[in-house]
Amino acid sequence: MTGPGARPLRVILADDSVLFRSGLAHLLADEGFEVAGEAADAASALELVDRERPDVAVLDIRMPPDHRTEGLEAAIAIRDRHPTTAVLLLSAHVETRHAIRLLRADAAGVGYLLKDRVMREADLLDAIRRVASGGSVIDPEVVGELLGRARPHGPLDELTPRERDVLALIAEGRSNQAIAERLVLELKTVEGHIRAIFSKLGLEPEPSDHRRVLAVLTYLRSQ
Amino acid sequence: MATAAAAGRAAGAATRPGRVTTAAVVAAAILVAAICLALVLTSTDSDNGDGHWFVELAANLFTIGVGLVMWHARPGNRVGPLVILMGFAGAAPFLSWATDNGVAWTIGDMWNMLGVVVLAHVYLAFPDGRTTGWSRRLVIAVYGSFFLLSIGQRLMHPYPASWPFGNPLLVWSNEGLANTLGTVAGLVALVLTILVVGTVLDRWRRGSPVARRALAPVFWLSPITLVVVGTFYVAKVTGSDTLFALSTGPLAQLSNFLLPIAFLVGLLQTRLERASIADLVHDLDGVKTGDLEAALARAIHDPTLRLAFPTPDGTGYVDPTGRSVEVPAGGDGRDVTRIEGSGRTIAILIHDPAVDPGLVGSAAAASRLALENERLAAELRAQLEEVRASRTRIVEATDDERRRIERNLHDGAQQRLVALGFTLRRANRRADADPELAQLLDDANRELEDGLRELRALARGIHPTALADGGLAPAVRELADRFPIPVEVSVEDRRFATPIETTAYFVVAEALTNVLRHAEATSASVRGRFVGDTLDLEITDDGRGGADDGRGGSGVRGLVDRAQAVGGTLSIDSPAGGGTTVRARLPLA
Numbered sequence: 013m014t015g016p017g018a019r020p021l022r023v024i025l026a027d028d029s030v031l032f033r034s035g036l037a038h039l040l041a042d043e044g045f046e047v048a049g050e051a052a053d054a055a056s057a058l059e060l061v062d063r064e065r066p067d068v069a070v071l072d073i074r075m076p077p078d079h080r081t082e083g084l085e086a087a088i089a090i091r092d093r094h095p096t097t098a099v100l101l102l103s104a105h106v107e108t109r110h111a112i113r114l115l116r117a118d119a120a121g122v123g124y125l126l127k128d129r130v131m132r133e134a135d136l137l138d139a140i141r142r143v144a145s146g147g148s149v150i151d152p153e154v155v156g157e158l159l160g161r162a163r164p165h166g167p168l169d170e171l172t173p174r175e176r177d178v179l180a181l182i183a184e185g186r187s188n189q190a191i192a193e194r195l196v197l198e199l200k201t202v203e204g205h206i207r208a209i210f211s212k213l214g215l216e217p218e219p220s221d222h223r224r225v226l227a228v229l230t231y232l233r234s235q
Numbered sequence: 013m014a015t016a017a018a019a020g021r022a023a024g025a026a027t028r029p030g031r032v033t034t035a036a037v038v039a040a041a042i043l044v045a046a047i048c049l050a051l052v053l054t055s056t057d058s059d060n061g062d063g064h065w066f067v068e069l070a071a072n073l074f075t076i077g078v079g080l081v082m083w084h085a086r087p088g089n090r091v092g093p094l095v096i097l098m099g100f101a102g103a104a105p106f107l108s109w110a111t112d113n114g115v116a117w118t119i120g121d122m123w124n125m126l127g128v129v130v131l132a133h134v135y136l137a138f139p140d141g142r143t144t145g146w147s148r149r150l151v152i153a154v155y156g157s158f159f160l161l162s163i164g165q166r167l168m169h170p171y172p173a174s175w176p177f178g179n180p181l182l183v184w185s186n187e188g189l190a191n192t193l194g195t196v197a198g199l200v201a202l203v204l205t206i207l208v209v210g211t212v213l214d215r216w217r218r219g220s221p222v223a224r225r226a227l228a229p230v231f232w233l234s235p236i237t238l239v240v241v242g243t244f245y246v247a248k249v250t251g252s253d254t255l256f257a258l259s260t261g262p263l264a265q266l267s268n269f270l271l272p273i274a275f276l277v278g279l280l281q282t283r284l285e286r287a288s289i290a291d292l293v294h295d296l297d298g299v300k301t302g303d304l305e306a307a308l309a310r311a312i313h314d315p316t317l318r319l320a321f322p323t324p325d326g327t328g329y330v331d332p333t334g335r336s337v338e339v340p341a342g343g344d345g346r347d348v349t350r351i352e353g354s355g356r357t358i359a360i361l362i363h364d365p366a367v368d369p370g371l372v373g374s375a376a377a378a379s380r381l382a383l384e385n386e387r388l389a390a391e392l393r394a395q396l397e398e399v400r401a402s403r404t405r406i407v408e409a410t411d412d413e414r415r416r417i418e419r420n421l422h423d424g425a426q427q428r429l430v431a432l433g434f435t436l437r438r439a440n441r442r443a444d445a446d447p448e449l450a451q452l453l454d455d456a457n458r459e460l461e462d463g464l465r466e467l468r469a470l471a472r473g474i475h476p477t478a479l480a481d482g483g484l485a486p487a488v489r490e491l492a493d494r495f496p497i498p499v500e501v502s503v504e505d506r507r508f509a510t511p512i513e514t515t516a517y518f519v520v521a522e523a524l525t526n527v528l529r530h531a532e533a534t535s536a537s538v539r540g541r542f543v544g545d546t547l548d549l550e551i552t553d554d555g556r557g558g559a560d561d562g563r564g565g566s567g568v569r570g571l572v573d574r575a576q577a578v579g580g581t582l583s584i585d586s587p588a589g590g591g592t593t594v595r596a597r598l599p600l601a
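In order, the protein sequences belong to chains A and B. Per my numbering, residue 13 is the first one in the first sequence, and the count goes up by one each step. Per my numbering, residue 13 is the first one in the second sequence, and the count goes up by one each step.
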């Protein structure tokens, strides 16, 4: 995968709001991305990806004609047709089932971000770079909602506060290294926490970061 | 004209005979009897010893009496007066006992068959007293030929010289022609008799069941009548004394008594069936309009009876199934009886004219209340249906409006605010030289983020996108995910009509909100099952219960309203201390 600095990441944008598209395009251009094209609906977004083969497609989940889940369908189709194009789905609402559907189709190189998040440019740029390099990104608010959900007493209650923090970062799609940096911990310590968490929740250890995200999200949702 | 039967009766010539009329008829009968008695007793005729005359006189008086009874029983029917007339006409031959009075004897001898002539009229007019078309022409032919031929013959008939008097009507003596005319008269009478009997048989064959029942007694008696009358005319034509004796013998005398009785029984046949009205009243208890027609038909013994209702706009009539009904004009074999109530026509009965008007009247009166109830119930049903439909429309319009507002918030305000955020970011980037400005722009951006979060929550509350995108099951799960206490969700994942999905969602949302507000519960569950074409929703909590004692307030009322607006039901089971269960059944179609 192409890292930042080597050559600019090529991005296409799909959203039916011109204001939003142009604002985001300006912001990305300012940050050194190459905006290869813009689309106002899912069908033209797919055509655009076919033509431009961008590194990342940023898609709004709701687009014409029905304003339902056209973006989600397009994202799944893009991952299916162009494995080299990562997808970042933007949603105006926290809807975990959409996030899980996206991950389930292909957990690598996909992200689900709350639309408001784009205004925290660091988060947005980080998310684009992470999906571009084959990672998974789940909005902290989605994770927060899942973790904060009222549920009867169960295995989650046995996690220490630190383990809960680690679990949340796993669910957001962070790598062990990123978790260690975020929590200012030794990598070994983080790995220990992760083993403890998986053991307490009765989950099989997952070899890759993105498979791990899906497992954790599915677990949180089912509880 | 489509008159009521009552109006039709009023238009008839006869009304119920008053006491004076009755007394006059009785007096006339007594007078006639006295005259006949005097004529017989003063007669010098030799064959008065066998008592024939007495039976004959008694038969005529009996006929008059029966006619009077008929007239009283069916005042609107001309058959009664006709039978009375037949009785009097039957006494005409008694004039021929006046062996010393040429005028009286001549009239008596000339019109000795007057009773049979009137009998033909009664036959043709039976049972409704009216003659139309062919029957009417036949009646005119009978009277016309009888009077013309009998008087014509008498104008030329010279009496034998040995008689104590000559023919007072003799104008031109021609015995040969007179005798020929007499034979012709007999032949004509024979033909007319056959025609009359044929007409009655034809009427029987084509008659309605009601008419047949009225005709039945007369019908079964007609062979005897035919034999008697036919034999008489054959005797007259052939001059056979044997046949003549037969035609005035015991059979004829029996027939003279039986005929009026047959007419009386036939006429009152339908009246004797008033008991069926009692059955009708019993049948009417809880009868539906469709069955009412059959019940009425049974009560008046007229399977051809049709029930019709005026259309709301008053322009026509429809049958109980809603089909348009042509109201028959008068005189085409159907009578119309109106059932009036609250100053207007509730319904009309179209039936056989032979049915006793009194019987129809009783049936109509008995069914009036049931009809009025049915009409009111139908109106009420229609209004309820309209109210229900309009409530559904209002709820659907409200839901549409919520969806529209949510869409506008999302596509309009939210997008603009996000775009504004980009602009602030870009401004921030260029404000590096001015840390104070950069800080201000940062604050503005944070405020904007908070605002957007609130806007998102608001839009979701107005109409959750999960509902439109994924249906009830995901929407309820999302709702449960954000709920402060654990909510177990078990809803079958299936899409159905938007108004029902929306209603189901808001029932769940409102019920869960009530759980938070009132129940002090530690957990709740939402269950949604599809049973046939019904969605069975159940929202249960483990709280303190007692929600149906009024604490639920307008929230509960609102839930019930929502469910009913789509044709569903909603009930709440909330025993104090035993948790609360809200159960809604919503039809999917």
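Bear in mind the hints are in silico, worked out from the structure with no lab data behind them. The C-beta atom is built at its ideal place from N, Cα and C for all residues, glycine as well. Careful: at least some of the hints might be erroneous.
[Said to hold, decoys possible] Stretch by stretch, here's where chain B covers chain A in the computed footprint (C-beta under 8 Å, at least three residues): (1) 54-60; (2) 71-81; (3) 125-132; (4) 195-208; (5) 217-231.
Checked hints:
no.	hint	verdict
1	54-60	violated (count 0)
2	71-81	holds (count 4)
3	125-132	holds (count 5)
4	195-208	violated (count 0)
5	217-231	violated (count 0)
Of the numbered hints listed earlier, those contradicted by the structure are 1, 4 and 5.
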